[in-house]
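Participant: Position one of the sequence shown corresponds to residue 15 (the working numbering), numbered consecutively onward.
Calculated directly from the structure, the hints in this document are not laboratory data. If a hint is listed, it holds; no wrong ones were tucked in.
Just the calculated beta-carbon pair ranges, DEER-fashion: (1) N16 x E60: 53 to 61 Å; (2) E59 x Y38: 26 to 34 Å; (3) R17 x S37: 27 to 35 Å.
Just so you know, even glycine gets a beta-carbon here, dropped at the ideal spot from N, CA and C.
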Amino acid sequence: MNRGKKIFLLIAVLFLVAVGVVSYDISSRTSAPWEKGNLKSRISEEYGSENEENEVTSDSTKLSNE
Numbered sequence: 015m016n017r018g019k020k021i022f023l024l025i026a027v028l029f030l031v032a033v034g035v036v037s038y039d040i041s042s043r044t045s046a047p048w049e050k051g052n053l054k055s056r057i058s059e060e061y062g063s064e065n066e067e068n069e070v071t072s073d074s075t076k077l078s079n080e
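I would like the entire structure built from these sequences, with the hints used as guidance.
Facilitator: Next up, the structure:
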């Protein structure tokens, strides 16, 4: 094997290892969509519903003049 091919293989292996490390890091910080649960219940658990402002309604995007 000549010197150029060895350098190329070394760089390729380092690149693949770096991509693997970054992929693992990203996947460990996120959760799968099927494990997230219901958005409405997650919001109420995280922020509570102590007052009217924090309460999640069934249609929070509906315009008031409709």
